[in-house]
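For chain A, the structure is supplied; the task is to place chain B on it using the hints.
Here the protein sequences line up with chains A and B, keeping their order.
Each residue of the first sequence is one higher than the last, beginning at 1 in our numbering.
Each residue of the second sequence is one higher than the last, beginning at 1 in our numbering.
Since the hints were made in silico from the structure, they are not lab data.
Incorrect hints may have been included.
[What the hints assert, rightly or not] Where chain B lies over chain A, by a calculated footprint (3+ residues, C-beta under 8 Å): (1) 2-14; (2) 19-25.
[What the hints assert, rightly or not] Here are the simulated DSS-like pairs of lysine-lysine, each with C-alpha atoms no more than 25 Å apart in a straight line: (3) B:K334 to A:K28; (4) B:K23 to A:K25; (5) B:K334 to B:K230.
[To be verified] Computed spacing ranges between beta-carbons, pair by pair: (6) A:K28 to B:L630: 21 to 29 Å; (7) B:W481 to A:G30: 35 to 43 Å; (8) B:L661 to A:V18: 29 to 37 Å; (9) A:K28 to B:G239: 29 to 37 Å; (10) B:D169 to A:K28: 18 to 26 Å; (11) A:G30 to B:D169: 37 to 45 Å; (12) A:K28 to B:E188: 21 to 29 Å; (13) A:K28 to B:I459: 15 to 23 Å; (14) A:M1 to B:A272: 13 to 21 Å; (15) B:V649 to A:G30: 38 to 46 Å; (16) B:T259 to A:K28: 31 to 39 Å.
Heads up, the beta-carbon is just placed ideally off N, CA and C, and yes, glycines get one too.
What follows is each chain in one-letter form.
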Amino acid sequence: MNTADFIVIVVIAIIVSVAIYKIVKDKKRGVKCSGCSGGCECPDKSHK
Amino acid sequence: MKIALAGNPNSGKTTLFNAITGKVELVGNWPGVTVEKKEGDVKQSLNPNNEDLVVVDLPGAYSMSPYTSEESVTKDFIQNEKPDVIINIVDSTNLNRSLFFSTQLLELGIPVVVALNKSDLTEKKGNIIDVPALSDALKCPVIPTISTISENNGLSELIDTVIKVSKSDQKQIAPNIGSTTKASTKEEFEKADKKRFAFVNQIVTEVERRKISSEKQNMQDKVDRIVAHKWLGIPIFAGIIWLVFSLSQAWVGPWLADTLVGWIDSFYEVAASLMGEEVNPVIGALLLDGIIGGVGAVIGFLPLIMVLFFCLALLEDSGYMARVAIIMDRFFKKVGLSGRSIIPMIVGTGCAIPGVMATRTIKNERQRRTTAMLTPFMPCGAKLPIIALFAGVFFGENAWVGTSMYFLGIIVIIIGALIIRQITGDFSRSYFIMELPEYRVPSFKRATMTMFTRAKAFIIRAGTIILVSNAVIQILQTFDWNFQVVAESAPETSMLASIASPIALLFIPLGFGLWQFAAAAVTGFIAKENVVGTLAVTFSITNFIDTEEFTLVGSSTEVSTIFGITAVAGLSYLVFNLFTPPCFAAIGAMNSELESRKWLFGAVGFQLGMGYTLAFLVYQIGTLITAGTLGQGFMGGMIAVSLIVGTVVYLMRKGSKSTNLSAGMEAVKA
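Isolated chain A (complex conformation) (with noise of 0.2 Å):
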C-alpha cells in the first residue's frame, strides 16, 4: 500500500465516519430518521 492509497483509505474513513457519527447523533437525539423530511420532529421526542 502507497501513500496515496493511505490518504484515500482515511479520506474514506473520515467521510463514513462523519456520516454514521451524524446518524448516530441523530438516533440518540431522537430523530427517528437522519434529515427527516417534512421537518418532522422526532415522532416519541414529545413522549420523553
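Frame of chain A; chain B shown alone:
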C-alpha cells in the same frame, strides 16, 4: 419563561411560531398539520434584552375537552406543565368560532395574551374589529398580528406584552360567564357550553362589524362549486397533478438537474484526476464509484424533487389541497374511511413519517390504523428519484408516469381500505366535517422555504444513510467470501451477488430477476433513495445520468440497455418499489401509531403482498400486451400471488363471519 401557543386548528399557530422563533416547521393551509408540541426560543430581534423566552407550539384545539389525541396534547400541556403565559392565537376572520376556546383558556388562571391573527385578511374583507373593546370584554391584552409578513406584523408588540404580563403582579381575572368551571356532569357541561356560546356571541356582536354577509355566495363559493364538484373535481385534480409532475420531471426539473449533474460530474473528474494512476483501483473505486457516484446519482434528482415540492407547497398554501379532502371523502366513505384520511396522505407525499404521525387526528381507531397502514402507499419524496429514473429511462414522455403512480397510490389505498374493513369486520361509518380554509394567493416565500427544508432533508439523507449504504454495497460487490477482489468478468461471485441472487429468484415472475435489482430493492428498505444509488453502484453507472437524455454521459450506451430489462419490467420494478413497505424509519412510525404488533406485522405483510401482486400483474399483463406471450416465471408467480390473494380472502371471510356472529349474538341478547 415558557410561553404556550394555543388556538383553534388552522388559526396560524405554526406560522406565528416560525415567525417568532425563526424556525421552519411544517405549515399547511388546512386544519391538523401540527400533531405534536414543538419548542423554540424567541429570536433575538424580538427579544433584545435576551430574556429566557421558550415558545411551545401546540396542536390546534377547539376546546379544552379533548376530542382527538392531538387535542389532548394541548390540554395535557396546559394543565400539567403550567406555562407562564399563553398566547391564544385567534383567527380574526372567524372571531365567533375562535373565542369559545379563548374563554376556556382565560379560566385556567394562567395569564393570556390574545394574538388577533390574520388581521390583514380581516382588513381586506372590509371587516372591522374594535380591538380595545374586545380586550375589555375578555379582560386581557389583545394584539393584532400578521405572521406572514416580516415588518409591521405586531409580533414585537406581542412579545413585549407577553413579557409585561408575566412580570405583572396584577392577576388576570377571567370574564364572568357564569358557573362554567364547576361543571362535572355531561348535562352541566352542555349547559356551560351554551352559556359560553351566548357570551361569545354577545362579544362578537359588540366588537365586530362584518362587511359581507356569510349567507351571500362569494367568489370562493363560486370557485368551490367547480373545483370541489363531485364529478369535475377529480379530472381537475388529475390535471393539476399532471401539471405538477410535468413541471417537475419534464419541463423545469431536468433543465435545472442538467446543471447540477454537470457540477457533480466535474467534482468526480477532479477527484479522479487528484488520485491519478497511483491509487489502487479497488480503493479508488470505493471513493469514486461507491461514495461519489452512488450519492451523486441520487443527488442528481434533487432539482426535480425541489420543483415538485415547490409546486405542492403552492397548492397547499392556496387552500386547494383541503378541497381535495372534500373531493376524496365521497370515495373514502364507501370503503370505511373519510376525507380525514386524505390529510395524512397529502402530508405523506413529502415524507411518510409525518404522514403516518398525522393519522392521530382521526378519532375512530380502525380508521386511524387503516390510514397509518395505507399512507405509505402515496409516493413520498424519497420515491421520486425512482419514479424519475424509471420514467426517464423507459418512457420518454414521462410526466404521465408520475401522475399515474400518484393516482395508482390512491386506488391502492381505496382497495386496501376495502380489504382491511372486511378483515377487521368493522363496518362503522364516520362523517367528515372540515372547516375549509379560504383561498389565498400562495406565498412564494413560504413555498421556497418548504422546498429548501425538504431539499436540506434530502441532502442530509444522501450524505448519511445513502452514503454509508453505497459504501457498504461497493465493498460487498468488490469482494468475494474469501475477501479476494472479484474479477470484472465474474461479478456474480461477489458477496453482494451471492446474498441477492436467492432473493432475485423471487422476482423472476415480476420481470426483474437480476441480483442487482434484488440488492437495490432490499437496500430500499433502509431508505428508498438507496434504490437509485444501489443501481448506480451495482451497474457501475459511474459517469452519472444525464437527466435530459437519460443516457450515460460520454457514452452512447443507454441506461436501459445496461439494465437489461424491458420497459414493462421497468414499470413493474417501479410499482414494486412504490407499493412494498416503506423505509424502516417509516415502519417505526407505523409501529408507534398502530400501537399493536399484530397490526404492524399485518400492515407490513399486506404491503409486501400488495407490491408483489401489483408488480406481477403489471409485468405479466404488460408482456402479454406488448409481446403477445406471458412473461418469464408465470406459473411460479401465479402460485405466489394465489397464496397472497387466498390468505387475504380467507381473512376477509373470517372477519365478515365474526361480524355476523357478533351481530347474531346482539340480536339474541335483544
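Are the Cα positions of K334 (chain B) and K28 (chain A) separated by 25 Å at most?
The given pair, whose Cα atoms are some 43 Å apart, is violated under the 25 Å limit.
Given as covered by chain B, does the stretch 2-14 of chain A meet the bar of three residues or more with CB within less than 8 Å?
holds (count 7)
With 37 to 45 Å as the target window, see if G30 (chain A) and D169 (chain B) comply at their CB atoms.
The hinted range 37 to 45 Å holds for G30 (chain A) and D169 (chain B), with Cβ atoms some 39 Å apart.
Verify the CB-CB distance for W481 (chain B) and G30 (chain A) against the hinted window 35 to 43 Å.
holds (38 Å)
Evaluate the given range 38 to 46 Å for the C-beta pair formed by V649 (chain B) and G30 (chain A).
holds (41 Å)
Annotated coverage of the stretch 19-25 of chain A by chain B, confirmed only when three residues or more have a Cβ within 8 Å:
holds (count 4)
Given the hint of 21 to 29 Å, is the C-beta distance from K28 (chain A) to L630 (chain B) inside that range or not?
violated (52 Å)
Evaluate the given range 13 to 21 Å for the C-beta pair formed by M1 (chain A) and A272 (chain B).
Distance hint for M1 (chain A), A272 (chain B) holds at roughly 20 Å.
For a C-alpha distance cap of 25 Å, please report whether K23 (chain B) and K25 (chain A) respect it.
holds (20 Å)
31 to 39 Å as the expected CB spacing between K28 (chain A) and T259 (chain B), which holds or is violated:
Distance hint for T259 (chain B), K28 (chain A) holds at roughly 37 Å.
Do the beta carbons of D169 (chain B) and K28 (chain A) sit within 18 to 26 Å of each other?
Between D169 (chain B) and K28 (chain A), where Cβ atoms are some 43 Å apart, the hint is violated.
For the hint 15 to 23 Å, verify it against the beta carbon of K28 (chain A) and that of I459 (chain B).
For K28 (chain A) and I459 (chain B) the Cβ distance comes to about 21 Å; the hint holds.
Hint check: violations occur at hints 3, 6, 8, 9, 10, 12; the rest are consistent with the structure.
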